[in-house]
Amino acid sequence: MYAFDYKKVASLEDAQKVFESADDGTFMAGGMTLIPTLKQRLASPTDVIDLDGIDELRGINVDSHSVTIGAMTCHADVAASSDVKKAIPALAHLASLIGDPQVRNRGTIGGSIANNDPAADYPGALVGLGATVHTTKKTVSADDFFTGMFETALEENELVTKVSFPIPEKAAYQKFPNPASRYAVVGAFVAKTSDGIRVAITGAGPTVFRVPEMEKELTGSFTVDAISDIAVPTHELNSDLHATAEYRAHLIGVMAKRAVADCG
Amino acid sequence: MANDTQQVLTAHTGQPAVFEEARDPVTRRAFIKSVIATGAVASTGGLMLTGLSGCSDDATPAAGSVERLVTLNINGKSRPVDVLPNESLAMTLRYKLGLTGTKLACDRGECGACTVLIDDVTHNSCSTLTHSVRGREVTTVEGLEQPDGALHPVQQAMIDELGPQCGFCTPGQVMSGVALLKNNPSPTREEVREGMAGNLCRCGAYDHYLNSIMRAARVS
Chain A
1 MYAFDYKKVA SLEDAQKVFE SADDGTFMAG GMTLIPTLKQ RLASPTDVID LDGIDELRGI
61 NVDSHSVTIG AMTCHADVAA SSDVKKAIPA LAHLASLIGD PQVRNRGTIG GSIANNDPAA
121 DYPGALVGLG ATVHTTKKTV SADDFFTGMF ETALEENELV TKVSFPIPEK AAYQKFPNPA
181 SRYAVVGAFV AKTSDGIRVA ITGAGPTVFR VPEMEKELTG SFTVDAISDI AVPTHELNSD
241 LHATAEYRAH LIGVMAKRAV ADCG
Chain B
265 MANDTQQVLT AHTGQPAVFE EARDPVTRRA FIKSVIATGA VASTGGLMLT GLSGCSDDAT
325 PAAGSVERLV TLNINGKSRP VDVLPNESLA MTLRYKLGLT GTKLACDRGE CGACTVLIDD
385 VTHNSCSTLT HSVRGREVTT VEGLEQPDGA LHPVQQAMID ELGPQCGFCT PGQVMSGVAL
445 LKNNPSPTRE EVREGMAGNL CRCGAYDHYL NSIMRAARVS
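Line by line, the protein sequences give chains A and B.
Number 264 marks the last residue of the first sequence (our numbering); no jumps.
Number 484 marks the last residue of the second sequence (our numbering); no jumps.
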């Protein structure tokens, strides 16, 4: 790691002030991506601003129509929450599949979506459920939040504060994990919501995306057979040592069908 | 050969090798440590003044830096220690406090060899900044033993089941097992498999580790 200064803050206001005064500051949520990145010397911030002390960013709130999760809530807490399991079981299930126990104890939903790794799980849930992202500057729909590979609608010195998920009629997440890292080679989140059917795919492309053809067919008939003939074009999919674009395209069909079957 | 070992160790830590006093002044481990420390002073005095090479290029902290002298709660004891702002907990434990039971392997949060408990929850200490655990309770594998020297049931079960093969990943496996059984005293084998999923073993002794944790669950 290059040298940097460590700053722990207790409020969002402090965090933003410290960021303003730093030459080249960076925020740290759980640090599960940031710290390895620093170790590989892929980043050299002058200041690391630790958000761990901001209690208002932590917590889960469930009401009759939505589940709201504070940005600094770790994956293990979402996975273990009986409220989340009851309201949106697929969301708790998704959180339980992220990385390994040590990562889930530290990694946060805010950090995950702000980083927007193409193989992250949470973007699938956000787009699949039509969630709303609340930040220090705005309220934005998940569809507009994820803009590209490691790119989001966040501006400099803007922090995610919470994510609000509308409770769907039914939903399921199925992923084909990399056997070592548990990152999604392909993950499919399918939900039947009051605004219609949503199919979100993570892991396969530069960022999470929806499959309108599948959504249309599932609206006509919410069955596995309805989407069995839909082929997703390969030209915008990722191809790397884990999987070729063709394999990912195939997996999108398989995972989406499994998710539909899982919805029951 | 011995000299080479000293060189490597010192280049890795790059700082005066000051280890904590062992309870028993003449244990084998304490003896080896003292030889390493003395050899390092004799052979590589220049290197020692360059700061923690694994942590930083720059031993001089930036202006307005976080207070470096901190007191950590490690295994129930208050441990004052000088910590760089960019230092990982694994580095502090191993090279400042001499708690070498915590292993460093991948150093990027993938293998789990550095697993410790922070407030009873497993964390990869290689991917935790030491300054972030001020005010928290850190438990390493050295902190599991009872005051009378009795091993933790997970440690004893590892011995009884011949859990480890080479043993390098064992401290991390033990810590994950301890945390798992705290939350779920009677797990199924599948739950243990999931709970231990963050700890890699290059020997492939996974089934033996599973046997160990299942035994620990039965006896405790």
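Be aware that a few hints might be false.
Stated by the list, open to error - Label-pair restraints from in silico Cβ distances:
1) A:Glu215 x B:Gln429: 32 to 40 angstroms
2) B:Asn448 x A:Gly220: 31 to 39 angstroms
3) B:Cys370 x A:Pro166: 37 to 45 angstroms
4) A:Ser11 x B:Glu401: 23 to 31 angstroms
5) A:Pro206 x B:Ala414: 32 to 40 angstroms
6) B:Asn448 x A:Glu13: 47 to 55 angstroms
7) A:Thr147 x B:Glu331: 49 to 57 angstroms
To be verified - The calculated DSSO-like cross-link candidates involving lysine-lysine, where the alpha carbons are at most 27 angstroms apart (straight line), are:
8) A:Lys86 x B:Lys446
9) A:Lys85 x B:Lys446
10) A:Lys17 x B:Lys446
To be clear, the hints were calculated from the coordinates, so they are not data collected in a lab.
Note that the Cβ used here is the ideal one computed from N, Cα and C, for glycine as well.
Now the hints, each set against the structure:
For the pair Glu215 of chain A and Gln429 of chain B, the beta carbons lie near 50 angstroms from each other, so the given range of 32 to 40 angstroms is not met. For the hinted restraint 31 to 39 angstroms between Asn448 of chain B and Gly220 of chain A, the CB-CB distance of approximately 44 angstroms leaves it violated. Cys370 of chain B and Pro166 of chain A have their C-beta atoms about 39 angstroms apart, which keeps the hinted 37 to 45 angstroms range intact. Look at Ser11 of chain A against Glu401 of chain B: about 25 angstroms separates their beta carbons, and that is inside 23 to 31 angstroms.
In this structure the supplied range 32 to 40 angstroms is violated for Pro206 of chain A paired with Ala414 of chain B, their Cβ-Cβ distance being about 55 angstroms. For Asn448 of chain B and Glu13 of chain A, the hinted distance range of 47 to 55 angstroms is not satisfied, since their beta carbons lie about 40 angstroms from each other. Separated by about 39 angstroms at the C-beta atoms, Thr147 of chain A and Glu331 of chain B break the suggested range of 49 to 57 angstroms. Distance check on the hinted pair: Lys86 of chain A and Lys446 of chain B sit about 24 angstroms apart at the alpha-carbon level, within 27 angstroms; holds.
Proposed proximity of Lys85 of chain A and Lys446 of chain B is supported: the alpha carbons are some 22 angstroms apart, at most 27 angstroms. Simply put, Lys17 of chain A and Lys446 of chain B have alpha-carbon atoms about 40 angstroms apart, too far for the 27 angstroms limit, and the pair is violated.
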